[in-house]
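These protein sequence lines are chains A and B, in that order.
Following our numbering, the numbering of the first sequence begins with 139 at its first residue and continues without gaps.
Following our numbering, the numbering of the second sequence begins with 451 at its first residue and continues without gaps.
Nothing false has been slipped in among the hints.
Here are the simulated distance ranges between beta carbons: (1) A:250 / B:457: 31 to 37 Å; (2) B:520 / A:154: 48 to 54 Å; (3) A:248 / B:457: 30 to 36 Å; (4) B:520 / A:212: 38 to 44 Å.
Rather than coming from a laboratory, the hints here were simulated on the basis of the structure.
These figures come from a predicted structure and were not determined experimentally.
From the three backbone atoms N, C-alpha and C, an ideal C-beta is built for every residue, glycine too.
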Amino acid sequence: EDQVTQSPEALRLQEGESSSLNCSYTVSGLRGLFWYRQDPGKGPEFLFTLYSAGEEKEKERLKATLTKKESFLHITAPKPEDSATYLCAVQAGSSGSARQLTFGSGTQLTVLP
Amino acid sequence: DAMVIQNPRYQVTQFGKPVTLSCSQTLNHNVMYWYQQKSSQAPKLLFHYYDKDFNNEADTPDNFQSRRPNTSFCFLDIRSPGLGDAAMYLCATSRDRGAETQYFGPGTRLLVL
Numbered sequence: 139e140d141q142v143t144q145s146p147e148a149l150r151l152q153e154g155e156s157s158s159l160n161c162s163y164t165v166s167g168l169r170g171l172f173w174y175r176q177d178p179g180k181g182p183e184f185l186f187t188l189y190s191a192g193e194e195k196e197k198e199r200l201k202a203t204l205t206k207k208e209s210f211l212h213i214t215a216p217k218p219e220d221s222a223t224y225l226c227a228v229q230a231g232s233s234g235s236a237r238q239l240t241f242g243s244g245t246q247l248t249v250l251p
Numbered sequence: 451d452a453m454v455i456q457n458p459r460y461q462v463t464q465f466g467k468p469v470t471l472s473c474s475q476t477l478n479h480n481v482m483y484w485y486q487q488k489s490s491q492a493p494k495l496l497f498h499y500y501d502k503d504f505n506n507e508a509d510t511p512d513n514f515q516s517r518r519p520n521t522s523f524c525f526l527d528i529r530s531p532g533l534g535d536a537a538m539y540l541c542a543t544s545r546d547r548g549a550e551t552q553y554f555g556p557g558t559r560l561l562v563l
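Kindly generate the complete structure, drawing on both the sequences and the hints.
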């Protein structure tokens, strides 16, 4: 069974204090790893897709990296508007099959001014 | 802008009274998904459509049904809502099956009285 574990569950940072969120996964045949941001009462907002170990993607203050066992979401000099829950999800399975996303439970990030 | 739209954003229903939630998309994606997300939990896939082909998850209760009359629209029907069905319902789309990014709508918050 595919498993995704995110840590920490909650993280409080001061504005400008860089940190990393972790997503470790156990799947049979990773097809893709996805990072989403979710604000309270809203749907997940897509951030990044990573397909293979060694891949990195960046967007503004966020950088996502992928190894064979885990992914990191690095947040550089965060601002209060970066406060949200960050969800990691994996998709695994044979080519062409519509496989569901397996989500982690998320990391709730709070950035204090 | 191409997007996923959900209506209504908030829905209040009574115990046992059928309710229908709506999702539309302007992305022209082949796959549409319905997720249930309870407070502080990861989204849980209920079912998905690949074009007109309906795919139900094994643990989705029979109380939940779905219709996709055309490419753009998909509906979630809850035949007899119970108190445990109160949740955020998320619609998502992806271009195709396989390792495709899923794009989420804003969600419908369902309250069962």
